[in-house]
Amino acid sequence: MKRSYNKISVLIVLLVISISCTEVVEIELDSTYDRLVVFGKVTTDHERHYVELTTTSDYFYNEEPPPVTGATVRIMAGDSLITLEESAVWPGIYQMSAPYTGVQGVTYQLKISNVDIDNDGESEEYSAIARMPFIEKPDSISLERFITPFFSGTQVTLWSPEAMGTNYYNFQLTRNEEMIHNRLSQYTVQPDDFFTDNYIAGLPVGFLDDDNEDEVVVPGDEVTLVISSITEDYYNFIVEAQNEIFGNNPLFSGPPANVSSNIEGDDAVGVFAAYSIERNSKIVPLPAIPQK
Amino acid sequence: MKLKLFIHIILVLVLTAPVLHAQKRITVSGYVRDTTSGEELIGANVAIRETGSGTITNQYGFYSISLEPGFYTLVYSYVGYNAESKPVNFIEDMELDVELSEAANEIEEVTVTAEAANSNVTSLETGATKLQIKSIRKIPAFMGEVDVIKAIQLLPGVQVTSEGSSGFSVRGGSPDQNLILLDEATVYNASHLLGFFSIFNNDAIKDVKLYKGDIPASAGGRLSSLLDVRMKDGNSREFEATGGIGNISSRLTLEGPLFNKKASYLVSGRRTYADVFLPLARDTAIHDNSLYFYDLNGKFNYTLNENNRFYLSAYNGKDVFANDFAGMTFGNRTITARWNHLFSKKLFSNFTFVNSKYNYSLGTPEDAIPRFTWQSDLTDYGFKGDFTYYLMPGHTLKFGASGIYHIIEPGLIITQTGGNDNDTATLAANYALETGIYLSGDSKLGDRLSVRYGIRYSQFDNIGEATVYNYNDHYMVVDSTVYGKGEFFNTYRGFEPRLALNFRINDASSVKMSYSRTIQYMQLASNSSAGTPLDIWFPASPNIMPQLSNQVAGGYFRNFMNNKLETSFELYYKKMDRSIDFADHAQLILNPYLEGEIRTGFATSYGAELFLRYTDNRFSGWLSYTYSRTIRTLAEVNKGVPYPAPYDKPHDLALVGSYDVSKRISVSANWIYSSGLPFTLPTGRYKVQGNIIPLYTGRNQFRLDDYHRLDLAVIIREKDRSNKRWKGEWNFSVYNAYARKNTWTLNFEQDSEDPNRTYAEKTYLFSIIPAITYNFSF
Chain A
27 MKRSYNKISV
37 LIVLLVISIS
47 CTEVVEIELD
57 STYDRLVVFG
67 KVTTDHERHY
77 VELTTTSDYF
87 YNEEPPPVTG
97 ATVRIMAGDS
107 LITLEESAVW
117 PGIYQMSAPY
127 TGVQGVTYQL
137 KISNVDIDND
147 GESEEYSAIA
157 RMPFIEKPDS
167 ISLERFITPF
177 FSGTQVTLWS
187 PEAMGTNYYN
197 FQLTRNEEMI
207 HNRLSQYTVQ
217 PDDFFTDNYI
227 AGLPVGFLDD
237 DNEDEVVVPG
247 DEVTLVISSI
257 TEDYYNFIVE
267 AQNEIFGNNP
277 LFSGPPANVS
287 SNIEGDDAVG
297 VFAAYSIERN
307 SKIVPLPAIP
317 QK
Chain B
26 MKLKLFIHII
36 LVLVLTAPVL
46 HAQKRITVSG
56 YVRDTTSGEE
66 LIGANVAIRE
76 TGSGTITNQY
86 GFYSISLEPG
96 FYTLVYSYVG
106 YNAESKPVNF
116 IEDMELDVEL
126 SEAANEIEEV
136 TVTAEAANSN
146 VTSLETGATK
156 LQIKSIRKIP
166 AFMGEVDVIK
176 AIQLLPGVQV
186 TSEGSSGFSV
196 RGGSPDQNLI
206 LLDEATVYNA
216 SHLLGFFSIF
226 NNDAIKDVKL
236 YKGDIPASAG
246 GRLSSLLDVR
256 MKDGNSREFE
266 ATGGIGNISS
276 RLTLEGPLFN
286 KKASYLVSGR
296 RTYADVFLPL
306 ARDTAIHDNS
316 LYFYDLNGKF
326 NYTLNENNRF
336 YLSAYNGKDV
346 FANDFAGMTF
356 GNRTITARWN
366 HLFSKKLFSN
376 FTFVNSKYNY
386 SLGTPEDAIP
396 RFTWQSDLTD
406 YGFKGDFTYY
416 LMPGHTLKFG
426 ASGIYHIIEP
436 GLIITQTGGN
446 DNDTATLAAN
456 YALETGIYLS
466 GDSKLGDRLS
476 VRYGIRYSQF
486 DNIGEATVYN
496 YNDHYMVVDS
506 TVYGKGEFFN
516 TYRGFEPRLA
526 LNFRINDASS
536 VKMSYSRTIQ
546 YMQLASNSSA
556 GTPLDIWFPA
566 SPNIMPQLSN
576 QVAGGYFRNF
586 MNNKLETSFE
596 LYYKKMDRSI
606 DFADHAQLIL
616 NPYLEGEIRT
626 GFATSYGAEL
636 FLRYTDNRFS
646 GWLSYTYSRT
656 IRTLAEVNKG
666 VPYPAPYDKP
676 HDLALVGSYD
686 VSKRISVSAN
696 WIYSSGLPFT
706 LPTGRYKVQG
716 NIIPLYTGRN
726 QFRLDDYHRL
736 DLAVIIREKD
746 RSNKRWKGEW
756 NFSVYNAYAR
766 KNTWTLNFEQ
776 DSEDPNRTYA
786 EKTYLFSIIP
796 AITYNFSF
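Line by line, the protein sequences are chains A and B.
When you read off a place in the first sequence, starting at 1, and then add 26, the result is the number in the numbering used here.
When you read off a place in the second sequence, starting at 1, and then add 25, the result is the number in the numbering used here.
In short, the hints are calculated from the structure, not lab data.
One thing to keep in mind: the hints can contain errors.
[Stated by the list, open to error] Computed, partial: chain A to chain B, Cβ under 7 Å:
#1 C47
#2 L55
#3 Y85
#4 E90
#5 E266
#6 P281
The structure presented is a predicted model; accordingly, all values stated were derived computationally and were not measured.
Where is the CB? At the ideal position from N, CA and C, for every residue including glycine.
Isolated chain B, as found in the complex (with noise of 0.2 Å):
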């Protein structure tokens, strides 16, 4: 019943919009790009300075504005560059690109309108955060090496799920519900050497944006949040290159247009090379180890006329780690193929094809005896269509239709003992199709009130060829179903309502409210917090009903100090259903009853979040602060009995600075204090066969050591030199200053020399470690 009324509202405000205002009017439209580079700038304003209203531009830095004939003055903005004012005369429909220059010296870089900086106060949005990539490259980083998701864990409502981790919890959420698109693109496992680093190069991003609640309509398939990274497409003016020489990594991007600027492409390369000095080692033993991660991103776009535009991007990247006798490599691969159409001034259109590909192999050399060995695979091919209708200033429509076809081979492993031939043991591959509609938009009703609205209606369809195991109550496997090839054998599909209303009190404060469901058909097998490479993702199936999600959240926006500084205070209840964890000692790893394994329940998760920034042209920075809890509830764990999430950390604060002090000279710093995680710790004991074995009443009732750290950074440029295109800068950082052993994970020994001993012993991953980079440009 609430959702026909939802969907009875939705229809009132698009069917009523364009009546309301039907009178002829005249579209003008473009692009806003940065002039150096010429690329385009996502979520630049375009404000109407007659009528106080305007729009944003879209994902490809388009933006479109209808308005009744007249003479009207646009303001185009974007944070960290100079506003340009345009008058124009509204007689017939027009193009109008417009090319914004950045802040004419490091120390203004952040300059930023009045427009512009009070976005967050009329922007729809509760929830998200874009963070400039300028701003992340100040943050003092670990290893030195410069990284967008080791940002995103500063913000409030996330939370990183163990130290060093690229993992991380939005709202109580569990990783795996963490949306990650590169171009568009899902990225199944975004970490380096074991979380240490994330799989973004920072030199080949240009646009960073994290959805925590009220994800747009046009994503789907997790709970929690979507993290959308989109790769620059490449300098269209002239030939730049930016690299770096670091501690453990070098990195190199090249830019350049061709055709005559019509095309611009980008190519952007990193490598660790610790297994380079390996054969210093002294021991000789691991001389011929390999130990290294390697990106390599590309990007192609090339703009045939006015209408049409054309995008192809990639990335690929691996770890590897191996010796004489084992090794493991993974990795993930990326291509989006785009076609930017544009169907009249008003009607812009996105056409999309996606691949991702993520996975490994690990076990021992091909000639090894005995041999084995283990792959793993997980491919989507996907198509997406979207569509973006400027009706008028202040009314937008987005619509849209999605498919992914899943391709999850979680197992081959082929093992060859002494006598034998191969054995090959292979777990069953799951096929599955994920589509989606939706319909979005974005109204303006009255100079207060705004309000986005959007239904996704997604479905989910198992295909054969399967097995799907049947299980009993106590989870063993009574029999089973075989479907044929291409069978469609079961289905789930679901409406994913969204809305979020905007009232705006003043230019400098305002109020929102939001509300969306959402639905995960695909999750991941990990019940360790900081996941490993060999985890696998499986999909709903007549097992495992999808996860869902409702989240409200609410909260007070206020800038002040001509928006220099601006706050908010959000809310959010979150209770998700269907929530998935696993039997106590599940066997996760191939394992062709993996189903067998898995408990379901419920979760709860709500917090209050702060956030303060401050941003002049000296100093800029933020303090978050998150108050959440995260409690679980499923019958067959834990008795019953409710208990804490893993990631529940109820206090989660951070501290981020940086203040220039001189134009050669900056300096930043990070403090970061929260709760610590929830631990199972046993409250008894017994021994049998010699070995004492710990006793425990109750999953995570107890709490590590609160986790605080903190980090500095210098960066000095060098001088600049007019004549000379060559730019370079020294960055030298320190992690974990004050050298916190903060614990990483508590174990409980027995004592070699007296057995009925035990005592306790906590491993801390780092101490200080200092590190310096050279970044350059020419």
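Okay, chain A solo, but in the shape it has when bound (with noise of 0.2 Å):
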């Protein structure tokens, strides 16, 4: 539904940009105070977790966000500690240190301490939870051929059984086992509210785009649904940090705000997100021979 809105929302801004120009200006902004900036996430695959830690910076910094290193990186997983170990390779990155395979309906918690973001000689504490929500194993996907006027490409559509209850999913897809859709504003998100406790029949989910050549599929790839069941938590923070990435326009946007973030302690940013993973693939067909 989310999707047939945003179509709309679409035409109605293509009308707005017939007449419109853009062009990139110079312009002065402020400075804020650095926050912890936490990335991390446990799944049902069977590897090893990660949780990436940042501070923020100014706006025009333009380079790669600063490194946090030195912390303590822990996750309770039920009544059971994980201790995660700073790469070497990978500024930032605290791993787990052997594959784990995550489990729905466990809560687990992130603990970060000894880190020093405002640099007053005192170390602070940061947490977060987040519950692994239950997933069903879906029957199929499909492929279609999606033309409008605007854009054309191949429209992926689910077919699947819905675990009980209010569930939020995140739909991405690979292309011969290669990821495309692996950035936040690639993510294609969206709650249960019209299939609750229900059979997904045919719900379109993801769409690869002709214009795009990292999305351009032909006959005999495979194109795989990867569906995570994200927690509330996580959902938001996609949501609000497209609309953040988007733009904004005075149409739609409300007043530009701060993404939601579910990490406790010092006004720190990001995420930490527990999901649980379904896949499903289909091989692109040979295109229909007209009939004579």
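Using the hints, put the two chains back together into the complex; each one sits in its own frame.
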């Protein structure tokens, strides 16, 4: 539904765009104090999950974000404690020492200590909680050509049972096992408002745009839909972050605002997420032979 | 206590005025009309030369004057018309209809008599401005489309909310705080084509008046202003056609008499035709697209006899924007039926039934898979009874009652995915009854002091069937309460006093003051600056208290050069309680828990408004300058720190002028300057999953660039041949003549080549836009 609403928004915005122009402008912005930035995740994939710690910077800093090193990062998985190791290769990345498979229904608690973001000589502590949601195994996906006057591509549609209760999903696509939608701005998220406790039958969940060379698929390619059942906190984080990333216009946007975070402690930003993942794949078929 | 005192003062004024003048009086009443078209003139002056007192015609052109027996001279005048003097011997009650003729030629059309021209000084209203339709026609218009609302936006205290928008902010209020009435029916969205045009077709409009503060007690339901738009009644003398052919639209209005001139009609239509040219586009994909809007106005009135008149008017307009895979329509419909009845020469009454409807629909075609359809409707059924009792010159009483039944159906959503039957989801409808009674009066206390007093008592009832969600302190739904069909489950009520004083220093200058309290029970769920057709209205409820405004205003009014130059300087202060804003990242569309997104607090607005208007035979124009500030304070927005309201523009200047070079050629120009809109800019950033996310430290703490623009127009009239009815004129206009790139919005982008680099990018809407329109009448 949100996708359909967005189509309408796109139509209206296209109308405005047709009579509007843009140009790059020089502008001076104020500065603000540094905050801890956290991005961490635990999923049902069997891998060394990680937490990335950086700090905020001035808006026109134009460098990689400053990493936070020397921190103590732990994750409580139910009753067990997992201590993450700081990567020797990537500063600011804290990884599990061994592959780990997240468990649906388990609550994960992130604890960060031994960091001094405000440089006052005293270390601060941060924490976050995320309960890994349940997910059902999907039945199938289908790939259909979708052509509009403004864009065309391959639409991915999902058939799947749905876990009980309120669920939030993040849909990503891979092409021949290579993740295409790996940036926050490329995620497709959707709550289950309109199919709660129901069967997801033919819901459009992903799109491969012909105009984007990374997304073009040809017959024989394998397209995989990665379905993540995410927490409400993570859903809100993605939606709000996308609002800010995509910019604003006076027609549809409210005032810009900070993206909410589930990280507790000293104005930290970012998100700690625990989510369960299922996948389903399909080979791009040969085009139908026209009937004579 | 203050309210009791106020009511006491009103009762004293009402009850003592007739007692003090309880002598036999003779009443002369009638209508003031335009000679050519027979249209009743609203607000025409009727002055008694011997006493210096007088009255003005009401919204139906009616007046009534009661005097002690004797011989008097009544002087009838109206801006742009030749005044008429009528010697009248007041020996018995009589009817006296008067017709005024427009000034003889175009050059002299703005000639006015002294009696009429100082009405800005003598009237009781502060912050009220009436615009002549003829003046509006001369203002350079965007794409040649003459627009009432775009003209209103050039007045002091009125600010456009966004470039090209039909939304306007009055004295710091939100666009939804303006009550827009078309023949007394509420217009909920006055915009076409995302606001670039308003729904008002100038050819069908007779009268426009904006009340910025001292809203008449007969009107209520909005905090900031009343824009009262009246449609023409139709020419009751002869058939007449007017129209125009322009860049973007054409229009045609037909009007004429019926039933031996006891009735008249008006039919007016306008349609844009951008889509007519789409098949010529190189991109074949858009050949079948629809992109247009239309307006239809109709009016019929019938005079049964001198005591009974009937009016039926209707408006229907729609925007259509669609292609093969998605579409949207939205539009307003209003129907007004009115009965004017004279109970006596002194007691004028009007009974009105109104039906207003605003709806939109959007989605995919019905046979599309997946299919999505979303419909939203807002419907009003209203009834009003208004009475005007003309006690005596200088003393008029108005009273009445009104009721509006609101039906708000925010969303019916039908979805159909590949393997499912239709899924239907309905956002719960809201039903509410808004009622009000009022009493107001104008009294002249001596030669210099006049007072207008009024009180309105309004009530708002939420009616079942309804489900009201209950929220905790974090705005999370904890449970809900279900109310049965027809059940009155929540009531708000309140007194809304109004008071205005005019102390006339002399014929050319006066000092005015006013106080008004207004209550608003319905508001718009919109937190964007331009607004969209998809915004929905929502009512006060157990979770949302009505908004309340108290405003004081005062001004000095002074005319110079025999009233050719009108000046005024007004100050106002307004406090708006329970002012509404929305949570960060509020989801206002299709949200059943919309009330959980609302935050309330208070806002204050203050300002100074300077208005200079010059009118002579060849030149007319005005300068309006406003300095104002509007600050909101909401505990849960911006961490409780006060912040500028979205339409807070401290400096706002408009220069408007037109000059008749000859009888056939007029030139006109506007220059507009205002401070940039408040804007929230990032002060930091962070990176997550490959994307840079901005970090903010305060709402609306910065401003966009200052806005300024010059518009020009030339009107060339065809030679006036007395033997031909056809009259034509060419209107050449240029919008944004020096191609100023005014910032519409500012965005911050992440460089696709260097993902750590960010830059600022501004979007501007219009460069130079020339337009040609041919207007005609016969």
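To see whether the hints hold, each was checked on the structure:
1. C47: C47 (chain A) check passes; min Cβ-Cβ to chain B is 6 Å, inside 7 Å.
2. L55: Constraint on L55 (chain A) satisfied, holds at 6 Å.
3. Y85: holds (5 Å)
4. E90: holds (6 Å)
5. E266: Result: holds, 5 Å to nearest chain B Cβ.
6. P281: holds (5 Å)
Every hint from the earlier list agrees with this structure, and none is contradicted.
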